[in-house]
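Undergrad: Chain by chain, the residues:
Protein chains: 4
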Amino acid sequence: MTTGKDFEITDLGPCEIDSPLHRFCHPDGRTFSFTDDSERILVDHRVASLSGDAGKADGFASLERAGARRKIFFDPAGTTVGIVTCGGLCPGLNNVIRDIVMTASLRYGVRRAIGFLYGYRGLTGKDSHIELTPEGVSEIHELGGTILGSSRGSQDVGGMVDRLEELEVNILFVLGGDGTMRGALALIGEIKRRNLEIAVVGIPKTIDNDFRFMDRSFGFLTAYSKAIEAIDSAHREAQAAPNGIGLVKLMGRHSGFIACAATLASNQVNFVLIPEVPFELDGPNGFLEALRKRLELRDHAVIVVAEGAGRELFGDEDRQRDASGNIVMGDIGALLTRRIKDKFSEDGTEIILKYIDPSYIIRSIKASPADSVLCTGLAINAVHAAMCGKTGMVIALWHSALVHVPMLRAIQERNVVDPESAYWLSVLSTTGQPVAFY
Amino acid sequence: MTTGKDFEITDLGPCEIDSPLHRFCHPDGRTFSFTDDSERILVDHRVASLSGDAGKADGFASLERAGARRKIFFDPAGTTVGIVTCGGLCPGLNNVIRDIVMTASLRYGVRRAIGFLYGYRGLTGKDSHIELTPEGVSEIHELGGTILGSSRGSQDVGGMVDRLEELEVNILFVLGGDGTMRGALALIGEIKRRNLEIAVVGIPKTIDNDFRFMDRSFGFLTAYSKAIEAIDSAHREAQAAPNGIGLVKLMGRHSGFIACAATLASNQVNFVLIPEVPFELDGPNGFLEALRKRLELRDHAVIVVAEGAGRELFGDEDRQRDASGNIVMGDIGALLTRRIKDKFSEDGTEIILKYIDPSYIIRSIKASPADSVLCTGLAINAVHAAMCGKTGMVIALWHSALVHVPMLRAIQERNVVDPESAYWLSVLSTTGQPVAFY
Amino acid sequence: MTTGKDFEITDLGPCEIDSPLHRFCHPDGRTFSFTDDSERILVDHRVASLSGDAGKADGFASLERAGARRKIFFDPAGTTVGIVTCGGLCPGLNNVIRDIVMTASLRYGVRRAIGFLYGYRGLTGKDSHIELTPEGVSEIHELGGTILGSSRGSQDVGGMVDRLEELEVNILFVLGGDGTMRGALALIGEIKRRNLEIAVVGIPKTIDNDFRFMDRSFGFLTAYSKAIEAIDSAHREAQAAPNGIGLVKLMGRHSGFIACAATLASNQVNFVLIPEVPFELDGPNGFLEALRKRLELRDHAVIVVAEGAGRELFGDEDRQRDASGNIVMGDIGALLTRRIKDKFSEDGTEIILKYIDPSYIIRSIKASPADSVLCTGLAINAVHAAMCGKTGMVIALWHSALVHVPMLRAIQERNVVDPESAYWLSVLSTTGQPVAFY
Amino acid sequence: MTTGKDFEITDLGPCEIDSPLHRFCHPDGRTFSFTDDSERILVDHRVASLSGDAGKADGFASLERAGARRKIFFDPAGTTVGIVTCGGLCPGLNNVIRDIVMTASLRYGVRRAIGFLYGYRGLTGKDSHIELTPEGVSEIHELGGTILGSSRGSQDVGGMVDRLEELEVNILFVLGGDGTMRGALALIGEIKRRNLEIAVVGIPKTIDNDFRFMDRSFGFLTAYSKAIEAIDSAHREAQAAPNGIGLVKLMGRHSGFIACAATLASNQVNFVLIPEVPFELDGPNGFLEALRKRLELRDHAVIVVAEGAGRELFGDEDRQRDASGNIVMGDIGALLTRRIKDKFSEDGTEIILKYIDPSYIIRSIKASPADSVLCTGLAINAVHAAMCGKTGMVIALWHSALVHVPMLRAIQERNVVDPESAYWLSVLSTTGQPVAFY
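Residue numbers (this note's numbering), protein chains in the order written: chain A, 364 to 801; chain B, 364 to 801; chain C, 364 to 801; chain D, 364 to 801.
Simulated from the structure, these hints should not be mistaken for laboratory data. Glycine residues also receive a C-beta, built at the ideal position from the N, C-alpha and C atoms.
The following label-pair restraints were derived from C-beta to C-beta distances:
hint, chain 1, residue 1, chain 2, residue 2, range
1, D, Asp710, C, Gly522, 20 to 28 Å
2, D, Glu709, C, Glu675, 37 to 45 Å
3, C, Gly422, A, Ser784, 21 to 29 Å
4, C, Glu494, A, Asp400, 55 to 63 Å
5, B, Gly542, A, Glu713, 16 to 24 Å
6, C, Ser401, A, Ile715, 45 to 53 Å
7, A, Gly472, D, Lys555, 51 to 59 Å
Between the sequences and the hints, there should be enough to build the whole structure, so can you do that?
TA: Right, here's the structure in full:
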């Protein structure tokens with residue numbers, strides 16, 4: 364039984380150095396805790412997937428299991444690791460930084476760890492990195508944000524690889540979303556062209572939980588847990604006013620996971636709107652009419668909307684308004700607020716709408732304990748992989764197992780809420796909202 | 364030694380009924396726990412205030428101490444109490460409702476307790492009240508908001524007193540701010556005109572802590588405690604970006620107490636702007652220049668602004684823009700955001716500003732334990748006072764003592780941050796900001 | 364490709380009634396969200412498991428996927444569901460109760476839901492149940508504990524089935540651990556003997572996370588998240604004293620998951636002791652000597668011990684002391700405290716040891732948001748399964764999929780920390796402790 | 364109008380140096396924010412206290428107001444400040460340390476700040492202190508405990524003053540309880556004998572809130588706020604069992620403030636037992652009978668007991684048992700547990716009692732925001748006072764004003780719950796318990 368080629372992990376060369384982790388072997392001589400490259404996990408664990416002949420020429424698609432290897436590629440004494448954090452804030456960034464430094468320095472004994480400042484920008488200029496020591500990072504998991512700073516957007520690839528060469532970086536850990544991983548792939552291409560022995564390992568960071576091959580991405584659990592505070596506030600505000608409406612916009616550009624999970628956790632939401640399920644505002648089966656009925660029945664309503672929901676609603680008129688600067692282009696929270704107010708104003712019904720956008724408050728908090736555990740697992744295993752010279756891959760959590768996924772595959776597809784799934788049904792069951800607004 | 368007349372409490376008549384609280388007297392015959400009307404607390408406890416002859420013809424101004432009285436005015440068996448909550452949400456409203464009902468029903472044994480819905484609106488219509496029983500309210504302190512709902516604005520006074528008569532309400536507890544208390548005074552006037560025996564007792568509610576004669580108003584401590592989460596978020600966002608600026612707008616229309624206390628508690632704020640201390644934006648000693656210097660020095664900055672700060676900055680130009688609908692009139696958060704962006708755009712300095720307005724999230728949470736204790740004290744003593752037929756008064760906490768204050772006096776003046784006080788000095792000392800932006 | 368027989372689910376008969384959940388089907392006629400009995404998940408998703416011929420005569424062992432079925436067995440209009448909670452408290456019990464009632468009543472429209480009081484005791488007497496309505500349970504997830512009460516131990520099986528008959532219960536939901544499930548199997552046996560159409564569906568409850576076929580059991584995440592508070596306290600106490608030792612005993616009779624996860628999440632633990640890894644106290648490689656070295660080096664130490672750790676240490680001497688009543692039999696916290704104090708007393712080293720047992724505080728809190736989501740998933744799908752007449756099974760979460768597991772299989776084996784796993788290695792890597800005390 | 368001599372503050376000499384805080388004066392020339400020594404607050408602000416002739420020969424007893432003075436005694440450039448923390452942990456210790464260092468270093472510009480390790484022990488040996496810099500302490504308020512460590516008990520006075528001389532300490536800030544303050548007074552005596560110019564200023568630390576002249580001591584609010592978690596746990600455990608009893612022991616050796624405040628805040632306690640109100644266990648009006656009645660009525664009960672309650676119950680028999688080592692001498696929690704179990708065992712009533720002692724978890728957490736604000740006020744003003752050469756005094760919060768109190772006076776009397784006060788009545792009113800168990 365073999366492996367789908369698409370999920371093969373690239374490495375820089377054979378591993379011939381004994382891992383310093385042998386000291387964690389039991390004194391009675393039993394060897395243990397090491398994982399072998401041949402250990403693989405099925406991508407699809409449904410029985411039905413085993414029966415088909417569907418294009419799996421060389422066997423079932425599977426993923427290499429993460430874990431410490433007996434032999435490693437880099438000699439720790441001569442190894443420098445670099446870390447960079449990119450994109451928006453996400454709970455757990457500092458945990459990952461911390462645990463990479465701890466594992467690389469204390470367990471493997473690498474020579475040096477450095478952190479690049481403000482995302483890929485830090486790879487372009489001089490003096491834009493800091494030293495990372497076990498003492499210096501030992502408490503940073505108590506802080507939200509990232510001690511390295513972050514930024515968006517790409518930088519000159521050649522310049523960045525120049526910088527890695529100059530600083531003699533052997534391993535670069537990249538924390539970011541799909542845009543960041545595309546940047547990492549460009550780096551890897553240039554590294555290959557120059558025939559350098561630099562490994563680039565990604566740790567997928569997406570608060571929206573939209574990374575494929577992640578049961579859950581780090582920060583997501585913390586985020587939806589915090590989001591229920593905003594929902595509770597919306598609920599209290601809505602209850603306190605006649606025809607009170609609480610509207611909460613949550614993160615989720617392409618995937619409504621935060622909106623769904625916060626809804627399931629809070630039990631206070633009457634309507635949840637996500638990017639994966641288009642909806643109409645007007646008409647007898649539209650959202651606004653459903654809202655009207657809810658107010659008639661219960662006198663208040665709580666709405667959660669993912670920021671990426673309702674893209675189909677932004678018609679020419681809205682876009683024109685955007686151009687004039689009045690409405691931020693595509694802000695579904697603002698659009699809903701306006702349309703709801705207009706609707707009830709036309710009906711002559713007095714409503715009180717409170718709109719809450721807690722995004723900055725959510726994404727900048729420290730990781731919850733459950734995300735700390737996840738971050739530790741991702742960070743330790745990212746170091747294990749990188750020390751073996753594996754490159755162009757990300758650490759992922761798939762069906763409860765930590766695995767290696769080629770970077771290119773990891774970003775080919777997004778994780779989204781399947782509107783035909785039992786999961787979405789459980790959300791509908793919790794809110795009691797109609798299955799569709801049409 | 365006597366009392367300043369201005370602080371005398373009005374009552375409906377002599378107290379001739381034995382308090383049912385006598386059962387809390389010690390079995391050995393010792394009487395205790397009862398408070399006498401003659402117990403009074405000085406308004407001004409500075410030694411210097413004792414030496415003057417300053418118009419205190421009938422002695423030093425003082426306040427009647429709250430507490431259970433030995434004799435009461437209303438016969439519990441025939442007494443109905445009503446409760447109404449007005450104005451914006453504030454942590455602790457449900458605690459006060461709960462403890463009024465508990466004390467009136469379980470300790471005094473009143474016949475009936477009702478709650479009017481949606482503020483004074485509930486006193487105008489039929490079927491707009493609910494029964495309040497000990498069982499029904501026993502857990503409501505676990506919820507933010509108010510189970511009675513709230514609303515702003517005044518209603519027809521005659522109609523409201525009609526409703527009180529119709530429902531045979533003997534005592535009305537009013538939870539609200541100064542506007543609400545003005546409404547209560549109108550009610551009292553009409554009650555007097557009709558020669559009714561209805562006591563109206565206020566429990567001052569102002570999340571901004573701007574009530575005179577309150578060491579701290581309920582909800583204020585909860586509010587500034589919660590506000591530091593937003594400040595921490597602003598701090599993490601600011602730190603994570605080159606030239607990152609975190610701007611947090613906190614509650615405080617006339618008084619900057621929430622902004623100051625949150626600043627003192629968080630130790631992360633570089634600039635705090637409050638209504639009591641006017642400031643200029645431009646010029647070499649203006650706020651914007653100070654901000655520029657801070658960024659130059661430390662690369663990031665955290666600003667806290669009270670919503671009422673900087674009124675003097677809203678010139679004709681701003682007002683015109685407001686009229687056109689672009690900027691909400693007098694929104695200091697929006698104005699600061701715009702002016703900061705303009706300033707650095709002119710300078711050619713790239714900044715990243717994150718603006719956080721956590722108001723709804725703060726005001727709708729449940730009371731912290733310390734506010735729960737305060738609410739219990741206010742509620743129990745409000746019932747003690749009302750059962751004695753005291754009316755036109757509020758329960759207050761003055762120099763650590765619970766006292767009675769005439770409603771009219773209570774709202775004559777606001778509690779504000781004194782810019783010449785040691786308190787404001789301690790805020791300046793914490794932020795390190797210049798003493799003035801001029 | 365088929366199924367291992369051992370994992371087949373028993374049912375009461377064919378499903379011939381249309382599910383009322385059809386209303387959640389999309390108005391455009393697309394059917395969706397329903398799950399078919401034929402959908403199955405592999406028990407073992409390692410590629411290696413597919414290659415063997417190891418006794419899987421009828422195919423790979425697999426589990427039936429949970430979810431709503433198109434056809435159901437019980438006619439909701441005539442169905443009564445009962446719920447019982449057994450054993451120790453665990454965060455999430457009220458969430459499961461709530462969501463069973465909500466789903467059964469509001470989504471399926473069952474006639475009646477009742478809750479038995481104080482565990483199986485409630486099935487033995489008259490008047491020992493309460494009605495459960497959507498209104499009555501709508502807020503109970505905000506409370507720790509269980510509104511039904513709980514108890515340990517078994518009751519007369521015949522009497523309990525009599526009671527189910529008497530109350531015309533069609534479905535019994537049982538929340539509890541392996542002992543409780545054994546009780547449920549006894550009930551099922553008696554139900555079968557009497558040829559009754561009563562389905563018994565289990566929701567595995569084990570705060571220790573020692574249920575097989577559960578990625579994580581509900582309450583576990585909440586528990587270890589809360590446990591880190593106790594660890595932080597132990598850390599602060601230890602740091603504050605010369606030779607300060609903080610010792611925290613956490614739950615985990617057979618499995619050290621809470622101890623391990625809390626250790627990973629807190630980053631403050633120097634030694635973690637779990638039931639799965641035996642250890643010696645004395646000798647040059649024993650625990651006490653390692654502790655002495657740590658104190659010498661860093662002046663303080665934090666130890667986490669699972670309650671079931673070190674069973675091998677309770678020699679005859681200890682047992683004798685237990686019999687005399689001085690030491691609670693097998694209390695590893697007390698034993699460690701005594702042995703540590705003796706050790707350093709012998710050495711003449713003054714230490715200060717603070718022992719913290721936070722178990723009651725941890726297990727009685729309300730479920731965290733992440734556990735709320737899990738509870739909702741378990742409860743909704745337990746109702747789906749039960750309405751189909753499935754019986755003698757539990758709802759489980761296996762490799763990120765909700766599945767049905769025969770009750771008998773579910774309790775045959777425990778989930779334990781594998782001392783040869785990458786997981787335990789990551790714990791060792793975090794504490795820095797020796798791989799063994801021998 | 365003058366001052367009671369007993370409250371006069373001693374100083375080291377006249378203040379002749381301009382305060383560097385003049386830079387906080389307003390640029391328009393207005394002077395402000397400075398406080399004058401002549402500003403005093405009445406000790407007793409009851410009107411009745413003004414009328415008596417009661418031995419106040421030289422006027423009403425009053426307290427000097429804290430605050431920055433225009434002139435100071437110590438030249439900052441040559442000043443070294445030392446800090447020591449003594450006794451048990453208390454939330455806020457790190458806040459006070461931090462804000463003393465910040466104020467002394469950044470606002471006054473003192474030359475050096477040092478922290479002595481492990482309480483007075485740190486004043487006895489070499490190398491037992493650390494440097495305290497603004498950078499080093501800037502985040503320590505986020506941590507519970509004390510970064511300086513602590514210890515109990517006294518040390519050789521001469522040796523300690525030797526050490527202060529050797530390190531050229533000009534100001535010693537002492538954080539501790541009454542025992543610590545007695546130690547400080549001994550130091551002051553020796554300093555005086557040697558004619559040294561060393562100021563010793565105390566910041567009262569008592570989690571029990573039993574310091575006289577403190578509206579509330581720092582850490583107290585945090586403590587009772589955290590304590591309600593344990594009460595909630597006891598409540599859930601009690602509710603979950605037939606005849607369930609939850610017993611929580613809280614801190615409070617001489618004063619029941621934590622027990623009372625936690626009771627008022629939680630609304631879940633049925634019986635609260637404090638040191639100030641003796642009680643009997645047996646007899647028809649004893650506590651055990653009242654507990655029995657409660658169980659009969661409601662099937663569960665929650666008891667909160669302060670650690671110092673019920674001293675009168677420890678008869679000879681108990682003491683003998685203590686001597687044999689079985690019961691910790693005077694542990695009211697153990698005694699109550701035993702007596703309750705015995706009582707119901709005699710009655711043949713099965714009960715389930717869960718005993719929770721959360722003391723270590725409470726006292727080691729970080730300060731809540733409200734305590735942070737208080738700590739900042741105490742610390743800043745302690746520095747103000749010390750820079751003026753004031754010595755033998757503590758900073759206190761009296762009737763909402765920060766004041767100076769002579770150390771000797773501060774510890775002469777304890778703050779206790781007055782069983783004849785409205786406060787205790789409000790506690791009784793909340794629990795509904797009998798006024799006495801006799």
